[in-house]
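**Student:** This is what each chain is made of:
Number of protein chains: 4
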Amino acid sequence: MGRKLHYGMVGGGPGAFIGDAHRRSINLDGMAELVAGCFSRSYEGTLETGKALGIAPDRLYRTFEEMAAAESKREDGIDFAVVVTPNHAHYAACKAFLEAGIHVSCDKPLCVNSEQALELERLAREKGLLFLVTYTYMGHVTAKHAREIIKRGDIGTVRTVAAEYPQGWLAHEGEWGGKQGSWRCDPKQSGDTNCLGDIGTHIENTVAMMTGLKIRRVLAKMDKVVPGRLLDDNDFVLVEYENGATGMYWSSQIAIGHDNSLRVRIYGDGGSIQWFQEEPEKITVVKKDGSLTEHHRGYGSIAPAAAKYARLPSGHPEGWIEAMANLYRSFIECIRAKEAGTFAEDMVDFPTVSDGADGVRFIEACLKSTRNGNTWVEL
Amino acid sequence: MGRKLHYGMVGGGPGAFIGDAHRRSINLDGMAELVAGCFSRSYEGTLETGKALGIAPDRLYRTFEEMAAAESKREDGIDFAVVVTPNHAHYAACKAFLEAGIHVSCDKPLCVNSEQALELERLAREKGLLFLVTYTYMGHVTAKHAREIIKRGDIGTVRTVAAEYPQGWLAHEGEWGGKQGSWRCDPKQSGDTNCLGDIGTHIENTVAMMTGLKIRRVLAKMDKVVPGRLLDDNDFVLVEYENGATGMYWSSQIAIGHDNSLRVRIYGDGGSIQWFQEEPEKITVVKKDGSLTEHHRGYGSIAPAAAKYARLPSGHPEGWIEAMANLYRSFIECIRAKEAGTFAEDMVDFPTVSDGADGVRFIEACLKSTRNGNTWVEL
Amino acid sequence: MGRKLHYGMVGGGPGAFIGDAHRRSINLDGMAELVAGCFSRSYEGTLETGKALGIAPDRLYRTFEEMAAAESKREDGIDFAVVVTPNHAHYAACKAFLEAGIHVSCDKPLCVNSEQALELERLAREKGLLFLVTYTYMGHVTAKHAREIIKRGDIGTVRTVAAEYPQGWLAHEGEWGGKQGSWRCDPKQSGDTNCLGDIGTHIENTVAMMTGLKIRRVLAKMDKVVPGRLLDDNDFVLVEYENGATGMYWSSQIAIGHDNSLRVRIYGDGGSIQWFQEEPEKITVVKKDGSLTEHHRGYGSIAPAAAKYARLPSGHPEGWIEAMANLYRSFIECIRAKEAGTFAEDMVDFPTVSDGADGVRFIEACLKSTRNGNTWVEL
Amino acid sequence: MGRKLHYGMVGGGPGAFIGDAHRRSINLDGMAELVAGCFSRSYEGTLETGKALGIAPDRLYRTFEEMAAAESKREDGIDFAVVVTPNHAHYAACKAFLEAGIHVSCDKPLCVNSEQALELERLAREKGLLFLVTYTYMGHVTAKHAREIIKRGDIGTVRTVAAEYPQGWLAHEGEWGGKQGSWRCDPKQSGDTNCLGDIGTHIENTVAMMTGLKIRRVLAKMDKVVPGRLLDDNDFVLVEYENGATGMYWSSQIAIGHDNSLRVRIYGDGGSIQWFQEEPEKITVVKKDGSLTEHHRGYGSIAPAAAKYARLPSGHPEGWIEAMANLYRSFIECIRAKEAGTFAEDMVDFPTVSDGADGVRFIEACLKSTRNGNTWVEL
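As you go down the protein sequences, you meet chains A, B, C and D in turn. In short: position in the first sequence from 1, add 75, done, that's my numbering. In short: position in the second sequence from 1, add 75, done, that's my numbering. In short: position in the third sequence from 1, add 75, done, that's my numbering. In short: position in the fourth sequence from 1, add 75, done, that's my numbering.
Copies of the same chain look alike in the list, so a pair counts if it works inside one copy or between any two.
Distance condition first, Cα-Cα at most 27 Å in a straight line; then the derived DSSO-like pairs of lysine-lysine:
| # | residue 1 | residue 2 |
| --- | --- | --- |
| 1 | LYS362 | LYS299 |
| 2 | LYS299 | LYS226 |
| 3 | LYS383 | LYS126 |
| 4 | LYS383 | LYS413 |
| 5 | LYS202 | LYS148 |
| 6 | LYS299 | LYS363 |
| 7 | LYS170 | LYS202 |
| 8 | LYS413 | LYS126 |
| 9 | LYS413 | LYS148 |
| 10 | LYS170 | LYS413 |
| 11 | LYS202 | LYS413 |
| 12 | LYS126 | LYS79 |
| 13 | LYS263 | LYS443 |
| 14 | LYS362 | LYS383 |
| 15 | LYS289 | LYS363 |
| 16 | LYS79 | LYS383 |
| 17 | LYS170 | LYS263 |
| 18 | LYS289 | LYS362 |
| 19 | LYS413 | LYS79 |
| 20 | LYS263 | LYS299 |
| 21 | LYS79 | LYS148 |
Quick caveat, the hints were computed from the structure, so don't treat them as lab data.
So here's chain A without its partners, still in its complex pose (with noise of 0.2 Å):
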């Protein structure tokens, strides 16, 4: 173990779940503390969460520029900032505090627009600071293992994709998706999309990430189902990579039966991975002479660079939680190797900013398709 860092956090007041998920990742490993925060719009919601996670009354900030200001001046000021505002507020958030020198990790998607992207970007590149985008299923170990056995040459070349995220939360006229729902099919407060941002951006990352492909362009139809519906609620995209292999995405959250049914299918010429999020324990494995194999978290079949991330021997199950501690764990031992001066970029094993902006460049493209009719746009 090393020093126990200080964080704060931007957003994740009463009754978010995200921000609460964030802090239990954060807990796992005992490796950071929440020691300031800006909850909420509201000071007195902040000053209420900060209480019930026992927060000094001084390090509850009546904004976040105030708390950028404030920590960055402080001796034992925080090491890093977590996002978790809704989407539209990322930006301004992110940008305080790389401005102040602080490193960040941000909710996926990374912001609403591309210009955004490129200047958290460029700020980040510029001040040296870390940034990760908490897209939390890379942080599985399984996928992380799918990662390194196509880089590695398992299944040989990409040749197709299928991947897609179906829910069915939203398949409802009304009031079902509650809360969260309210806001996310709300255009003045998700901006241009509802499903493609919030799950289609997540397939987009986890095959980027898994795969290396770079997207050359899209084909998208992103349809309104559910009667009275603003925003988009079930997405097929059309993909082609610049290594000239195709994909096929599907997001929904019409699709009764499905919770976060994140499934990535990767075909090569050599072999093919089925990765399911649901059931995170194991990806299955078949190569070009038919071969089935399942490769189980915990077992010696799992590659060293993902292998190393379990907390509990194979059949005792992790889950996302423990996915979500496994971003928070690369990106704060670089946190500290940045202070040991040890830091070396291949020890970034997090999605970052230029993965969130690539994320944001995806949907944009994909809104842009829709609007011209289901026609190819390149990014």
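Take the given structure of chain A and dock chains B, C and D to it, following the hints.
**Tutor:** Quick look at chains B, C and D alone, frame taken from chain A:
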């Protein structure tokens, strides 16, 4: 049991898989007997197969024209002809038997263009003959059950469909697919399509028969992936149905790890169904309250119109042979009813020449969309 | 194809499931034809069934003795008899045909005590006749594959076995099991056991044939669970084999949620196999390094001695009918070889009268152990 | 959130898996903080672990006796002690903390004989202290749900139980199991049992807590399978419960292909449940009409008393850490309630010292049965 019918076969000579499979399926119930054949383009081939099958020598024919003429004149002539030649030869053979007043069973796809399809439809209608197109999968008890519960409203109005038929047997350059593979990949023998015509058409038929939906338009991307391949081997098709619902069909012969993985998932506003051809003994149904149930063949939950086809109790697996046999069971019962004067249209529980014609039109539209650079084409 | 054999059937009259299933299975390959029968204890029943099946009236018999006598004298007499009566009637019928020099296929369990079993074994041996006991499940390609890979050492020396056959169809008081259920639960018709004799015997046979292990002793607890039941409906049996390995067999008719859930798991010092009758298209093999592979019917990984029985390509499911048909395929090939003078013992790939006798001894020992208060009984 | 409790740990020094797992699980909710420890038999080990964990040096103790004495006197002393030593040391440590008036959490099995168990039960009761025995698996939401639906009658009266916990990690001679394996296989450190004491006890506890059934008698066959092994590694136990129901428990460490495959299947006269520890997000429920449903964590079908423990929405997998954390959640809530004077017995939702004592008695009876040649032994 009624009278045992007589049938003849065109195609199905030495080494032909599908002719053998038709014969076994018809054998299963013992409702019809093979008595005539023109099994091969070479008369020697026909004689050899005929002898092995115990057919009387005077009913082994040099051509299907000869067979149609001779059998239609016999007192004990065949009641129906089974056409299992390569695709490009279907049309002429079917036409000959229809014109001779003989019922026809023909393998899918029905024929190679929509003009031929219309002509066969017309002939069958005018002659009052029955015409089975052997899209096998709709013969499964659970596929029929899916159709029944959708028809009675269990999942409400269909909104979107995710259906696929991946295979891996043609993933390899060179000889992998054997004799089967080499003719299928040859434009001279297969026409303008391989993958979509061979298996994509099964997706189209299964979805159409389960849901009753008509396709309004398609946007297709048919790719030749394996180096040197002359016909499509990986196809994505976006679909819009006449009721406004949408769909995505993926068919592939390069998806290592899959055999005949026809999987159909149908999402309505009241629930969803998931059906998988390789595990045909069950379907999964989820209702809009999230409750997930499996319906297993052999249980009281199976709709009577589907349940009546079961031959074995639950837990003793039925498979592909039984599915094919179920198509023939209804076809033969309809022929007997025609003979008895008790036939009614609603007795027809098999894919007909009209369903086959729909399949041909679907393929034509996908080819056109691909040629046009992946644009929408109306059916 | 060789000569089409002739066979006769005893039992299998109106409403009998198992006789119908035997006939369909034999039909599948068209290697034998039903030409004679004594289907029912009532001659009217026999005439009715015979007519429906198209049997010549002079080959419909009042008794099996009459049938054995008449058929053995005919030039074109039956090559084999299929005995599918209730269990208590197996012995006399089998004996009659053996004594008349006719090969026999008999449903399991072979007979009701070990004296009968020894007598049938003796008769078959002395007469040089073939005797198939239709333990269907060993007909599955994957069950034969399990046997082959165990034989060749893939899992090393067997150490322990966990095998079970739970069903739920007799979980209910009263009429649930229908006609089938009522005779099975009646000591007058079923003898001393219901559950163990009907399905526990399948566990014994499947494990014996897969592993080649002989049982040294058993400790059984056979319970009557449903109030009012007179015969066992839930049985636990501990087993020790002659090589020192151990096993646990559970058979049940009160296990709601199961149909014919014969599951066999065999653990050696070099690996393990898991096989499940309701999903007979694959087996799972784990080696001692923890690597898990699935072997699917139709792939090159299947041992040739098993693979040769496949009729369909992988991914087009085969099921119970094919398993039964595989037993008959080998049985008929052996009869033809006897006729041709080319028969050799190692051609026998089906459960014989000796395997049937092992099953009878297993049941006797379990009954004795239960009567003794669950103590060990040597076989 | 209430007050953050303080706890100390005995055991859990360098390289100890289980101590680390307890700390992470408690971290997850942030309801308690580790402030004291005696982590190792060597004081250097304790100092090293304590430093890594950030414990104040004056609260790192040479012995648990010293720790119990010192902490019970401090104003800010620990609220509870976590005992995660090897099994034979549990008793003395637990006793010391109970006598010092400190609540205790102890790993399973509770202790090594029933006299010890009775003494710990007595002490806890007399002192009015809470005592958690960390049978982790009952912490799963779905395990609690199973208990709830059985309690409310969904499957009627329990008739039979088939439960198992196979592992493969000790299938090999020699060093396979590493350090863990070598102490577990050593009678000096593990006492009279390895397999049954380590994992068979989990079966006993899970079934007892799910069903509420008390065991009347057992018949056990505990075998030493791997050559050279001195303690049991493969155990079959037949069980009779006080209500007349029966069960079969299989635990194994030589079952290659399994990790922590605790599977519990419970059959009542009105239905059945199937629950599998390695897929803890769902349970399968079949009713007596044959209807099969899956109940998934996160859905409305989950009983409120179980559902309240979920931290993540359905489809984002929770696992073993969450299960353990759920035991601690209830334990800590009960401690707070004791402090607040609001405690009531029905708040206890974790395995207690009495459940632990049942486990010890179960093991003793199985050992006796085995010594007696596999005869029935009353509990």
